[in-house]
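**Q** Taken in order, these protein sequences are the chains called A and B.
Quick note on numbering: our numbering labels position 60 of the first sequence as 118, and the sequence is numbered without any gaps.
Quick note on numbering: our numbering labels position 24 of the second sequence as 56, and the sequence is numbered without any gaps.
Don't read these hints as lab results, they were simulated from the structure.
Nothing here was measured: the structure is a model prediction, and the numbers come from that model.
We put the beta carbon where it would ideally sit given N, CA and C, even for glycine.
Among the hints, erroneous ones may be present.
What the hints assert, rightly or not - Simulated crosslink set (DSS-like; lysine-lysine; CA at most 30 Å straight-line):
#	chain 1	residue 1	chain 2	residue 2
1	A	Lys-242	B	Lys-65
2	A	Lys-249	A	Lys-294
3	A	Lys-249	A	Lys-136
4	B	Lys-191	A	Lys-64
5	A	Lys-136	A	Lys-102
6	B	Lys-65	A	Lys-139
7	A	Lys-102	A	Lys-140
8	B	Lys-119	A	Lys-242
9	A	Lys-242	B	Lys-103
As the list claims (entries may be wrong) - Rough simulated footprint, nothing fancy, chain B against chain A, three-plus residues with beta-carbon under 8 Å:
#	segment
10	238-246
11	309-316
12	383-393
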Amino acid sequence: MGYPHKPHPKETVVLSQYFGDADARTIKGWTKRGGYEALSQALKMDPVAVTDVVKESGLRGRGGAGFPTGLKWSFMPKEKKKAHYLCVNADESEPGTFKDREIMRWTPHALLEGTAIAAHAIRAEIAYIYIRGEFTEPWMIMSRALEEANAAGVFGSIKIYLHRGAGAYICGEETALMNSLEGKRGNPRIKPPFPAAAGLFGLPTTINNVETLAAVPHIVKRGAAWYKGLCLSNPKSTGTKLFSVCGHVQRPGNYEVTMGFPLKALLYDMCGGPPAGRTLKACIPGGSSVPILTREETEACLLDYEGVVAQGSMLGSGGVIVFDDSADMVYQIMRLAKFYAHESCAQCTQCREGTAWTTKIMERILAGQGKTTDLDLLLDLSENMTGKTICVLSDSCAAPIVSGIKKFRGEFEAYLAGNRQPVLVG
Amino acid sequence: MSQRVSQTEDHQPVFAGKVLEELQTVLQRYPNKQAALLPALWIAQREHGWISDRIMAEVAEVLGVTPAYVKGVVTFYTMYHQHPVGKNFVQVCTTSPCNICGAEGVVKALLAQTGAGDAGATSPDGKWTIVEVECLGACGFATPILVNDDFIESVTPEKVPEIVRKYR
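Given only the sequences and the hints, what does the whole structure look like? Please build it.
**A** The following block contains the structure:
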């Protein structure tokens, strides 16, 4: 993606308006562009009124689950008896997703402003922004922006701190993130209690994704009706969404479109389609944790929460991974399972054993040593990995395996029948 | 037998003087000391290069937890070095999106041209450690690598010689 950012004419530019514009990173440049106006407006409002605006806008969590943001905020205790916390999930690690990184790199004040508004809405004194350890550049830019904003005193009594992760995908799971912030191993917690009742340090906590919070200042400033109007298909999915497109396309990068935009137009018109001479084979539309779509499903898919479900997958984080006809789906699905095996926190047996064994079985198939019963074995294991663990990492490993075997069974069978050159995995 | 203790493993405490002051500032952000464990380990690694048993014991003492507890946390996260690493610690993303864009070739080129030999090993001159890591969160800029704290996007095998020259 080239900078300065030249959006494609079909993009709806809201969050990405200042991507590539270094001046917008400074507080001076940000306020010149109308930044922090929404915050001063929100700080004059009652917290409940701020929550209501966000509720009315239809904004849903952009981290993957798509839970209505205003509703989540309203779960915080009505009567404030203890300290409240806000956690910002900037532990972006879902394979295929790289949108939060871009928000932090180019518009750090947008995130800080959204964070402060959210903290006000849930009546939190302290907000922690948990940034993954590998994001060294976003960390530096966020630190500088926070320093500037603190010096300008824009947050009132709200305190915002950055907290650096140390390399663990699972810390993107909300309760694992809280454990990590408390100085513990990043093991997800059993729910209930939910964070709004007992979250960080056992106190009422709300956790939101970076992209979700970056949208909040726009909603406060331009109104819920404006945001609700950004909708091309299902009224339950509103606003714009950043889609990170990677893999076999000519122009990978972040693209911002209105909810309900066709995936086909995103991949072909905006990203230039697969490399010359290649055709699209498969696509994972919402980060590696969601089921794989075939070419037909991809080309029929509308990009909103309901549209992707209608094709048998999920919108997830909006990380779109594209595979052309040169991709070996058996190898790619094995590689995804290997990722989950590496990232399992190992608390639950189904996940610890399941992610490792499914990887090994697929490695065996690739090596030409597979047994005819292996596909049934993989499906059986996947069933035991779904809906049976504390968090959904195990389910996320099973999703591409089950959908992969269903949709690309022929590729698995070719290895099993010895019709394909074996691949030794190092 | 005289040179068994490496120069980096001396017995000077890490948390003293300015570094201790830095930790005190960090502690003010949290309601208890334990929450400062990850930041404290980051500071220790920056000062010492890696997290040795002695460092873990020191961190434990400063934060009022046991050394075993600290070890449990250190071993959970991949970014704390439990052994000394080369001057240039290189993390290469090899997860699916980068894999299909040729990450394997980048790893091979780095291993060959730095003399590190194997992933995870350190080159004989002590300058390079190359590791394969899972998703670095920059899939549209395949293949991303981290050389120490420098994040480099869109690395191809052809660009490796220049990177190796720059950091050598």
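**Q** Give a verdict on every hint.
**A** Hint check:
no.	hint	in the structure
1	A:Lys-242 with B:Lys-65	holds (12 Å)
2	A:Lys-249 with A:Lys-294	holds (26 Å)
3	A:Lys-249 with A:Lys-136	holds (21 Å)
4	B:Lys-191 with A:Lys-64	holds (26 Å)
5	A:Lys-136 with A:Lys-102	holds (19 Å)
6	B:Lys-65 with A:Lys-139	holds (23 Å)
7	A:Lys-102 with A:Lys-140	holds (23 Å)
8	B:Lys-119 with A:Lys-242	holds (29 Å)
9	A:Lys-242 with B:Lys-103	holds (11 Å)
10	238-246	holds (count 7)
11	309-316	holds (count 3)
12	383-393	holds (count 3)
Against the hints set out earlier in the document, no violation occurs for any number.
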